[in-house]
Amino acid sequence: MTPESVLRVVAEARGHALCVPTMTTAPAWREIAPDDLSVVCVGFMGGASSLGLGLALACPDRRVIVLDGDGSLLMQLGSLATIAGARPRNLLHLVFKNGVYHTSGSQEIPGGLSMDFAAMARAAGYPRACAIGEIGELRRRLAELLADEGPALVELHTTLADKTPMTSPGGVPFHQQVERLRERLRREP
Amino acid sequence: MPESIPASLVIDALKETFREARAVLAAEGYRRQPEHLGWVLSVPDTHQRTVLAALDKERAIRVLTCATEDEANAVAAGLYIGGEPCIAMIQHAGLYASVNTLRGVALDGRVPILYLIGLLGRERDRDPRESRHSMVRSCEPLLDTFGVPHARLEGPDDVRLVPEYYRLAQQRRGPVALLVGLETI
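Protein chains in written order, with the working numbering: chain A, 1 to 189; chain B, 1 to 185.
This is chain A alone, in the form it adopts within the complex (with noise of 0.2 Å):
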């Protein structure tokens, strides 16, 4: 599946969930749900599962997705234990598993595809992790994904997205979205 067509699927079932997209689905979630509850880890790669974690235990009457990239996940990967720890029963984490660090030129992610993304998750606690290979199997449990309580992981098994954030810049600044974003949280918590 696409990560694109993954994106759509997410974005058609979030209602009002925060979301924190980073590296090669933040060009594409850009132009897939432009509003103001999403921040993007960008320029500090692999941190987007802890803002996500900030993010859910600040606003536990929100739901929060994370739209982690599998080579980014690997550079903080100790967050599994943080989060798993933390237990934020409003976040979903999915980890785009390509199997590649697209963004700079492709090259292999330590592991490659072999990586398991889902059993790592359950070691380190996670109380719900599966994979998800299809994008029909994805949006027929998207929906008690959302509503179950997690934290959760699923890693889904995409080929590479159409456009990456060297290809395809721009975007508000990170320091830009963090205080809209704060402000819109603060009107709407």
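It is worth saying that the hints were derived from the structure and are not from the lab.
Built from N, CA and C at the ideal position, the CB exists for glycine as well.
Hints are not guaranteed to be accurate.
[Said to hold, decoys possible] Not everything, but these chain A residues come out facing chain B in the computed CB check (under 7 Å):
no.: 1; residue: Leu-55
no.: 2; residue: Arg-63
no.: 3; residue: Leu-74
no.: 4; residue: Gly-78
no.: 5; residue: Thr-82
no.: 6; residue: Ala-86
no.: 7; residue: Phe-174
no.: 8; residue: Gln-176
Following the hints, put chain B in place on chain A, whose structure we already have.
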């Protein structure tokens, strides 16, 4: 000569800081009133272990132990966006380990973060900048390089700097640091 600071004084200073922060947030229109006052994001630090031990018994302050200081920085950003007060307690080695997220989150992202940084190895009879240990000696110059305001907690009277520097971080929309000179007791 520097003196060790009792953990209870640090905890009281944190509570005062968070109470003031909550009042500011309420004045800004934040309606949520959770049971806790604020968050301490910790990557355990030998130097401040008595404070961490005392925090374990504190119900008013929530402690999140992170696996790395990089995580602590990103979590701090999420908490800030959601209107939750927090500080980070780390060791000097953790500062060195997390320079990229200090830059990306706190500086470029303009996220206010107060760091309490333990100067493990700081000698009683030497200024930290002249320490025999590079981890102690390099800390202030590194913060200077990144333009991070900092001060030393060198004795019990200095805990007044905790709320002061928290306010400074909010005013500057960026990182500030307090360096814990001797092991807390």
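**Request:** Please name the hints from earlier in the document that this structure breaks, with their numbers sorted from lowest to highest.
**Result:** Result: hints 2, 3, 8 break, sorted rising.
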